Amino acid sequence: MLLIHCPYCDEKRPEIEFAYGGEAHIARPHDPSTLNDEEWEGHLFIRSNPRGRHHERWRHIHGCGRFFNAVRDTVTDKFETTYKAGEPRR
Amino acid sequence: MSGYRMEGAGRPDRSQPVRFSFDGESYQGYAGDTLASALLAQGVTLFGRSFKYHRPRGVLGAGVEEPNALVSVIRGPGRFTPNVRATSVEIYEGLEAVSQNRWPSLKTDVGSITDRLGMFFPAGFYNKTFMWPRSFWEKVYEPAIRRVAGLGDAPTEIDPDRYAATYAHCDLLIVGAGPAGIDAALEATGTRKRVILIDEQNELGGGALSDPALNPWLEASVRDLRAAPNVQILTRCTAFGFYHDNFVGAVERLTEHRADIGDGPREKLWRIRAGEVVLAQGAIERPLVFEGNDTPGVMLASAARAWLLRYGVAVGRKVVLMASHDSGWRDVFAMAKAGMSVAAIVDVRGTVDQALLDSAAQLGITVHLGSSVIGVSGRHAVSGIEVAANDGGNRRKIACDALLMAGGWTPTIHLWSHSKGTIAWRDDLGAYVPDKPNENVRCVGACAGKWDFGSGVVVPALPTPRDPTRIKAFVDFQNDVTAKDIGLAVREGFRSIEHVKRYTTNGMATDQGKTSNLNGLQLASTALGRAVTEVGLTTFRPPYTPQTFGALAGRAKDALFQPTRKTAIDGWAEENGAVYEPVAQWRRARYFPRGSEDMHAAVNRECLAVREGVGIFDASTLGKIEVVGPDAAEFLNRMYTNPWKQLQPGRCRYGLLLKEDGFITDDGVAGRITDDRFHVTTTTGGAARVLNMMEDYLQTEWPDLDVWLTSTTEQWSVIALQGPRARDVIAPLVDDIDLSAEAFPHMAVRLGHICGVPTRLFRVSFTGELGFEINVPAQYGRAIWERVFEAGRPHGITPYGTETMHVLRAEKGYIIVGQDTDGTVTPMDAGIDWAIGKKKPDFVGKRSLSRPDIVAPGRKHLVGLLTEDPDVVLDEGAQIVADPSQAVPMTMLGHVTSSYWSASLGRSIAMALVAGGHERMGETLHIPMPGTTHRAVVTGTIFFDPEGSRLNG
Ligand SMILES: [Zn+2]
Chain A
1 MLLIHCPYCD EKRPEIEFAY GGEAHIARPH DPSTLNDEEW EGHLFIRSNP
51 RGRHHERWRH IHGCGRFFNA VRDTVTDKFE TTYKAGEPRR
Chain B
1 MSGYRMEGAG RPDRSQPVRF SFDGESYQGY AGDTLASALL AQGVTLFGRS
51 FKYHRPRGVL GAGVEEPNAL VSVIRGPGRF TPNVRATSVE IYEGLEAVSQ
101 NRWPSLKTDV GSITDRLGMF FPAGFYNKTF MWPRSFWEKV YEPAIRRVAG
151 LGDAPTEIDP DRYAATYAHC DLLIVGAGPA GIDAALEATG TRKRVILIDE
201 QNELGGGALS DPALNPWLEA SVRDLRAAPN VQILTRCTAF GFYHDNFVGA
251 VERLTEHRAD IGDGPREKLW RIRAGEVVLA QGAIERPLVF EGNDTPGVML
301 ASAARAWLLR YGVAVGRKVV LMASHDSGWR DVFAMAKAGM SVAAIVDVRG
351 TVDQALLDSA AQLGITVHLG SSVIGVSGRH AVSGIEVAAN DGGNRRKIAC
401 DALLMAGGWT PTIHLWSHSK GTIAWRDDLG AYVPDKPNEN VRCVGACAGK
451 WDFGSGVVVP ALPTPRDPTR IKAFVDFQND VTAKDIGLAV REGFRSIEHV
501 KRYTTNGMAT DQGKTSNLNG LQLASTALGR AVTEVGLTTF RPPYTPQTFG
551 ALAGRAKDAL FQPTRKTAID GWAEENGAVY EPVAQWRRAR YFPRGSEDMH
601 AAVNRECLAV REGVGIFDAS TLGKIEVVGP DAAEFLNRMY TNPWKQLQPG
651 RCRYGLLLKE DGFITDDGVA GRITDDRFHV TTTTGGAARV LNMMEDYLQT
701 EWPDLDVWLT STTEQWSVIA LQGPRARDVI APLVDDIDLS AEAFPHMAVR
751 LGHICGVPTR LFRVSFTGEL GFEINVPAQY GRAIWERVFE AGRPHGITPY
801 GTETMHVLRA EKGYIIVGQD TDGTVTPMDA GIDWAIGKKK PDFVGKRSLS
851 RPDIVAPGRK HLVGLLTEDP DVVLDEGAQI VADPSQAVPM TMLGHVTSSY
901 WSASLGRSIA MALVAGGHER MGETLHIPMP GTTHRAVVTG TIFFDPEGSR
951 LNG
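Taken in order, these protein sequences are the chains called A and B. full-length UniProt numbering puts the first residue of the first sequence at 1, with every later residue one more than the last. full-length UniProt numbering puts the first residue of the second sequence at 1, with every later residue one more than the last.
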């Protein structure tokens with residue numbers, strides 16, 4: 001079971017306190033109506049799915065309730081870092 | 001007679017005889033014996049029948065690596081454990097064990113005919129042979145195969161045992177208490193580290209238990225460890241899996257070895273988080289691959305050594321060693337010195353260390369170098385072997401009653417691999433050893449490839465002058481995989497070891513290939529003509545050894561499997577005879593039968609009561625979210641399809657929630673309490689999901705909005721009062737709210753008091769009747785329910801449950817998200833696009849409503865279905881076709897989503913998702929159901945009071 005550092009609680013807690021939230025830094029377009037079908041498809045469905053460093057969202061759902069971002073290596077499953085929502089990509 | 005007890009040798013306590021039975025026959029052993037050692041001492045060689053060929057099998061190993069000697073242990077009703085290794089079962093007074101996979105008896109097994117037909121059962125046989133005709137698979141082949149193939153029987157009764165679980169944290173976890181593990185623990189004594197030392201066996205020592213010379217060291221070490229206040233020792237405890245961040249799962253067996261199991265838990269699951277993990281799991285000796293290597297009496301040299309020096313059991317009167325490694329020589333020397341008779345040493349190598357030859361000469365043991373065993377005689381026990389020089393010449397027979405194999409050693413890197421540590425190939429060992437760690441873990445001792453067993457050579461299979469395609473030389477004993485099978489897999493084009501494994505099933509049995517993986521890999525590598533490292537190694541996965549479901553489930557079963565959520569009114573329902581159904585984690589009253597009513601009768605009565613008088617319904621499970629803040633209306637406007645900003649305080653609106661892909665995910669009514677406060681309801685099952693979705697958008701997309709979200713599902717009891725007499729019932733109980741239709745119209749909410757208790761009183765309806773939903777603080781829920789019920793008696797108030805609620809809403813065509821929608825249904829598909837705010841520039845999911853596939857014709861639409869025979873109630877989930885006489889497989893247009901008997905209409909009604917349904921109004925479709933095909937006409941979804949006049953009563 002992973003240990004995950006919540007940047008809001010500033011604590012490492014067991015994985016069962018958290019919920020995975022998919023790839024990070026995919027901002028909802030300010031005005032989706034201006035996107036053509038391909039652009040909207042890209043926003044909705046297309047994800048990077050890398051082998052290695054992956055920016056992803058987690059929620060400390062059974063803790064403080066906050067969403068935050070993380071960099072996890074998809075090969076080793078190791079977290080490189082976690083940081084608050086809204087902070088720049090690391 | 002083969003085995004016997006060697007006086008003065010071994011650890012079992014000769015002053016404590018223990019009686020037990022195997023296959024109904026009574027035997028005696030001693031405290032400290034395993035089932036295997038006690039039976040071997042009695043001359044038993046035959047322990048089981050093999051998986052596929054039903055070949056007689058004996059004991060191969062002396063520990064958890066044992067692939068052959070699987071037995072079932074019976075401990076009374078419900079306590080039946082199949083597939084346990086006789087080498088790991090500690091005997092106790094009255095132990096009852098039986099062999100497996102044989103009929104009618106172990107010695108006379110009719111299934112062994114498959115062995116004679118072996119040429120018809122090559123690798124991939126099941127996949128290739130039984131493909132056609134298809135119907136034969138289900139009816140003929142599979143039942144036949146299931147009877148002959150397989151291991152022990154599954155238990156048939158409920159397990160009466162309890163299982164405990166605990167978390168533990170330590171600085172240092174040591175897995176394996178052989179010499180290396182003990183040394184690692186001793187190093188940590190006297191430090192401040194919290195240490196846990198675990199071992200799967202009944203006592204500490206591992207390999208040292210088979211080396212009497214180490215006894216003094218072992219005793220002193222164990223004494224020191226037991227005295228160390230910082231060291232916790234767990235024996236009979238198996239670390240079965242290594243998970244992320246040094247999290248190790250282990251199962252401690254508490255009662256398996258006891259005659260009296262008492263009333264405590266049977267096993268305990270340890271979830272251990274360790275600062276550092278030291279793996280000292282040792283190494284497992286490899287068998288050699290040659291014809292007859294599975295004959296009972298052919299076993300690992302290290303196992304024979306353990307039987308003799310640890311358990312005091314000689315496995316034969318006259319044994320022969322077949323070696324490719326020095327370690328076997330040392331084992332038989334130790335055995336000869338302890339008094340066993342060693343007839344010969346055969347070694348595939350042309351030369352060995354002179355010291356070994358000298359020792360053999362001293363002990364009077366004949367040596368055959370550059371030679372191999374090419375055959376074994378005896379079916380239920382070894383009676384002799386045939387040996388030939390590696391060039392095929394110089395064939396001769398040797399009489400013996402046990403043959404020991406020394407094929408080199410495989411480090412036990414299972415847990416290391418679970419932890420995703422990398423591995424490196426060592427040509428000199430013919431094995432993979434740990435390389436770079438992925439966690440804070442290190443391997444010590446034989447587990448790391450560090451041992452003093454001498455050296456050896458790696459031979460995929462022993463040379464033989466016989467036709468290799470006509471012999472059975474076993475690689476995986478438990479799954480009956482032979483060298484021939486692996487050759488066949490390669491010839492048929494499999495290149496990766498992962499594919500060879502799945503095709504041949506090598507290493508896929510319950511022993512996870514502990515004795516077979518490396519030999520299989522060597523054979524595949526040779527057949528492919530590629531280096532072992534290019535062929536790869538199959539992945540190790542937990543559990544290291546099979547564990548009981550009970551240990552993994554722990555207390556999470558029966559009533560404790562998951563929480564049962566109950567409303568404040570649940571007790572009243574129980575006292576009034578409710579029949580319950582589970583909804584999400586809630587238990588909800590489904591109907592309230594009177595007398596001998598069945599569900600159909602009760603629901604008909606309840607439905608008519610609501611339509612004609614008044615019904616009362618516990619709607620407390622409805623999800624509730626309080627949305628508060630200056631931007632609350634703006635937030636809901638962005639989340640839901642509907643417009644919210646113009647909604648006046650005191651008014652309600654039906655809210656429809658899409659996911660960003662445009663599909664319906666939830667719905668519910670929300671009331672505006674004040675300018676900056678909304679009382680939002682969700683479906684019962686969707687409450688947590690919707691709150692998470694709202695938090696997601698609020699926190700990560702629109703953090704600038706000043707809004708707070710709070711789950712209030714359990715803070716409010718909700719009493720739905722529905723029917724034309726609803727107002728009459730509550731009128732005397734409410735004095736500070738004007739209940740008149742003019743002052744308090746449909747889809748409005750008022751704050752006031754009922755029976756003096758503060759209430760948010762909603763005028764809403766999920767039935768199509770005049771209705772109220774009385775929200776009161778949950779602690780008043782039952783009291784208010786009872787007062788309302790009393791007040792309703794003169795009006796014939798009738799409690800109703802979820803089934804009636806479903807019928808009433810279906811009569812009105814109100815959808816249930818998740819029943820009439822399935823995650824691929826848009827508001828247009830469901831015919832509720834009226835709920836979309838047409839002027840809104842954006843909301844979650846809006847852009848997707850113009851995606852090409854969403855606007856394409858032919859999508860499934862939600863429609864009504866009226867069966868031609870009004871008495872027929874269609875099955876929910878039944879498929880719908882246009883032409884019932886078309887060929888199978890038919891083109892299916894959709895399925896029935898909701899279907900009920902409507903007492904109010906005196907006929908059945910149904911809703912369905914049908915391709916192009918909105919364009920099929922009036923069309924007759926066909927619904928094939930078991931026995932007959934029904935005809936039904938496509939209609940709108942509102943079956944009752946289409947004008948909605950009753951709502952505004
Ligand atoms: Zn947190």
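Rather than coming from a laboratory, the hints here were simulated on the basis of the structure. Every value quoted in this text rests on a predicted model; they were computed, and no experiment measured them. Errors might be hidden in some of the hints.
Unchecked claim - Covered stretches of chain B, as calculated for chain A (at least 3 residues, CB under 8 Å): (1) 374-385; (2) 591-597; (3) 773-784.
To be verified - In silico negatives: residues of chain B with every beta carbon more than 10 Å from chain A: (4) Pro265; (5) Lys420; (6) Val628; (7) Leu751; (8) Pro841.
Just so it is clear, CB atoms sit at the ideal spot from N, CA and C, and this is done for glycine as well.
Structure-based check of all given hints:
1. Look at the stretch 374-385 of chain B against chain A: 0 of its residues bring a Cβ nearer than 8 Å to a Cβ of that chain, fewer than three, so the hint is violated.
2. Residue count for the stretch 591-597 of chain B with a Cβ under 8 Å from a Cβ of chain A: 0. That is fewer than the three needed, and the coverage hint is violated.
3. A count of 0 residues in the stretch 773-784 of chain B with a Cβ less than 8 Å from any Cβ of chain A is obtained; the coverage claim is therefore unmet, three being the minimum.
4. No beta-carbon of chain A comes within 10 Å of the beta-carbon of Pro265(B); the shortest separation is about 22 Å.
5. At roughly 6 Å, the least C-beta separation between Lys420(B) and chain A is not larger than 10 Å, which violates its mark as non-interface.
6. No Cβ of chain A approaches the Cβ of Val628(B) within 10 Å, the least distance being about 16 Å, so the stated non-interface status holds.
7. Residue placement check: Leu751(B) keeps its beta carbon more than 10 Å from all beta carbons of chain A (closest about 28 Å).
8. The beta carbon of Pro841(B) is not kept farther than 10 Å from every beta carbon of chain A, the shortest such distance being approximately 7 Å.
When each numbered hint is compared with the structure, violations occur for hints 1, 2, 3, 5, 8.
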